[in-house]
Structure formats: structure tokens, C-alpha cells
Amino acid sequence: MGIFDKFFGSKKPYSPLEETNPLAKHLEDIREPLEDLANQAKDSLEVVPASDVTYVFIGKPPSQFGIAWLKDGDVFNLKKLADQKKLSASKIAKTSEELSKAYKRSKEAKRFSTKVGPCSCIVTSSETLGKDVDNIIRSVSI
1 MGIFDKFFGS
11 KKPYSPLEET
21 NPLAKHLEDI
31 REPLEDLANQ
41 AKDSLEVVPA
51 SDVTYVFIGK
61 PPSQFGIAWL
71 KDGDVFNLKK
81 LADQKKLSAS
91 KIAKTSEELS
101 KAYKRSKEAK
111 RFSTKVGPCS
121 CIVTSSETLG
131 KDVDNIIRSV
141 SI
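Taking the working numbering, the leading residue of the sequence shown gets 1, the next gets one more, and so forth.
Some clues are possibly wrong.
Claimed, not checked - Mimicking DSSO-like on lysine-lysine, the simulated pairs with C-alpha atoms at most 27 Å apart in a straight line are:
#1 Lys86 <-> Lys107
#2 Lys91 <-> Lys79
#3 Lys60 <-> Lys85
#4 Lys115 <-> Lys131
#5 Lys110 <-> Lys12
#6 Lys115 <-> Lys71
#7 Lys71 <-> Lys94
#8 Lys110 <-> Lys91
#9 Lys107 <-> Lys12
#10 Lys85 <-> Lys115
#11 Lys94 <-> Lys80
#12 Lys104 <-> Lys91
#13 Lys101 <-> Lys12
#14 Lys91 <-> Lys131
#15 Lys86 <-> Lys131
#16 Lys42 <-> Lys12
#17 Lys131 <-> Lys60
#18 Lys101 <-> Lys131
#19 Lys115 <-> Lys86
#20 Lys60 <-> Lys115
#21 Lys115 <-> Lys12
#22 Lys71 <-> Lys91
#23 Lys101 <-> Lys80
To be verified - Just the calculated beta-carbon pair ranges, DEER-fashion:
#24 Lys94 <-> Lys131: 30 to 40 Å
#25 Lys25 <-> Lys94: 11 to 21 Å
#26 Ser90 <-> Asp36: 29 to 39 Å
#27 Arg138 <-> His26: 29 to 39 Å
#28 Arg138 <-> Gly59: 15 to 25 Å
#29 Gln40 <-> Asp72: 13 to 23 Å
#30 Glu19 <-> Ala82: 15 to 25 Å
#31 Ala24 <-> Gln64: 24 to 34 Å
#32 Pro118 <-> Asp72: 35 to 45 Å
Hint data in this document are derived by calculation from the structure and do not stem from the laboratory.
Think of the CB as a built atom: it goes at the ideal place given N, C-alpha and C, for glycine as much as any other residue.
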């Protein structure tokens with residue numbers, strides 16, 4: 001059955017994010033920029049709260065994905081950061097590979113499903129993944 005899931009795009013069902021979960025409060029605090037991102041991305045979103053920033057995997061991690069982050073009501077992404085810091089293609093590829101590895105390490109993390117505006121998304125409750133992504137992004141931001 002698993003092979004057909006890949007062909008037909010079946011997604012793993014996750015428990016709905018309950019309103020009483022602290023992650024729901026976090027999403028409510030960033031709802032406006034997150035909805036804007038969801039409307040622009042037009043792809044699957046996986047939200048990963050971190051200490052002072054929220055990371056969003058866009059697409060199908062760990063293989064085909066982009067990354068964005070929300071901080072102080074603003075949306076940032078790796079492409080803009082690469083342009084700003086004049087990162088080489090190899091540095092961007094290495095960063096994406098590191099993000100993919102971090103995501104794979106979090107495969108056992110608790111995940112929930114929720115709606116962001118009209119879009120369904122996944123919320124990952126993993127302090128470790130949040131810290132790993134934070135360290136990776138900060139390492140290329142310097």
C-alpha cells in the first residue's frame with residue numbers, strides 16, 4: 001500500500017491541532033503573515049516554531065522543499081537571504097542538504113494538522129528541529 005501512496009499522493013493523517021495546544025496560540029499570534037505566506041506559496045506548508053522565529057517548510061520535505069521564516073511579522077526566505085548575502089550555488093545546496101538532514105532527524109516528532117486561512121498545513125512540535133533549523137539559517141546569515 002505504501003508504494004501507491006507515493007503514486008497517488010496520499011498524505012499521512014495527523015491529529016488535528018486542538019485550540020488548547022500552546023502551538024495553536026503560537027499560530028494565532030502569527031496568523032496574518034502565515035496566511036500571506038500560505039496564499040503566496042500555493043504548496044504544502046509545515047510550520048516549525050522555534051525560540052523567536054517560526055520556520056515554514058514549503059513543498060515536500062525532506063526532498064523537494066523551500067524554507068521561509070516569520071519574525072516580527074515579516075516573512076523571509078532562503079532565496080532572499082542568498083541574494084542578500086551573495087551566497088554561492090554550492091553554499092545554497094549545502095544549506096538545503098543540512099536542512100533536509102535536520103528534517104529527517106525529526107521524523108518521530110509529534111505533528112498536527114490545522115488550517116491556515118483556506119490552506120491545510122502541518123505543525124511540527126519539535127524543539128530540536130526548531131533549534132537545528134535556527135542554527136543552520138543563522139550560520140549563513142552571518
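Results of checking the hints against the structure:
1. Lys86 <-> Lys107: violated, 32 Å
2. Lys91 <-> Lys79: OK: Lys91 and Lys79 at ~12 Å, within 27 Å.
3. Lys60 <-> Lys85: This hinted pair holds, its Cα atoms lying about 26 Å apart.
4. Lys115 <-> Lys131: Judged against 27 Å, a Cα distance of about 24 Å means the pair holds.
5. Lys110 <-> Lys12: holds, 12 Å
6. Lys115 <-> Lys71: holds, 20 Å
7. Lys71 <-> Lys94: Judged against 27 Å, a Cα distance of about 24 Å means the pair holds.
8. Lys110 <-> Lys91: With Cα atoms ~30 Å apart, Lys110 and Lys91 exceed 27 Å; violated.
9. Lys107 <-> Lys12: holds, 12 Å
10. Lys85 <-> Lys115: violated, 34 Å
11. Lys94 <-> Lys80: holds, 16 Å
12. Lys104 <-> Lys91: holds, 20 Å
13. Lys101 <-> Lys12: holds, 20 Å
14. Lys91 <-> Lys131: holds, 20 Å
15. Lys86 <-> Lys131: Answer holds: Lys86 to Lys131 is near 24 Å, not above 27 Å.
16. Lys42 <-> Lys12: holds, 19 Å
17. Lys131 <-> Lys60: Holds, at about 20 Å.
18. Lys101 <-> Lys131: This hinted pair holds, its Cα atoms lying about 13 Å apart.
19. Lys115 <-> Lys86: Since the Cα atoms of Lys115 and Lys86 sit roughly 35 Å apart, the hinted pair is violated (cutoff 27 Å).
20. Lys60 <-> Lys115: Satisfied, since the Cα-Cα distance of roughly 17 Å is no more than 27 Å.
21. Lys115 <-> Lys12: holds, 16 Å
22. Lys71 <-> Lys91: holds, 23 Å
23. Lys101 <-> Lys80: Within the cut-off at roughly 22 Å; holds.
24. Lys94 <-> Lys131: 30 to 40 Å: At 19 Å between Cβs, range violated.
25. Lys25 <-> Lys94: 11 to 21 Å: Given a distance of about 35 Å, which is not inside 11 to 21 Å, the answer is violated.
26. Ser90 <-> Asp36: 29 to 39 Å: For Ser90 and Asp36 the Cβ distance comes to about 31 Å; the hint holds.
27. Arg138 <-> His26: 29 to 39 Å: Since the Cβ atoms of Arg138 and His26 sit about 20 Å apart, the hinted range of 29 to 39 Å is violated.
28. Arg138 <-> Gly59: 15 to 25 Å: Holds: the Cβ-Cβ distance is about 22 Å, inside 15 to 25 Å.
29. Gln40 <-> Asp72: 13 to 23 Å: Between Gln40 and Asp72, where Cβ atoms are some 18 Å apart, the hint holds.
30. Glu19 <-> Ala82: 15 to 25 Å: Violated - the Cβ-Cβ distance for Glu19 and Ala82, about 37 Å, lies outside 15 to 25 Å.
31. Ala24 <-> Gln64: 24 to 34 Å: holds, 28 Å
32. Pro118 <-> Asp72: 35 to 45 Å: violated, 25 Å
When each numbered hint is compared with the structure, violations occur for hints 1, 8, 10, 19, 24, 25, 27, 30, 32.
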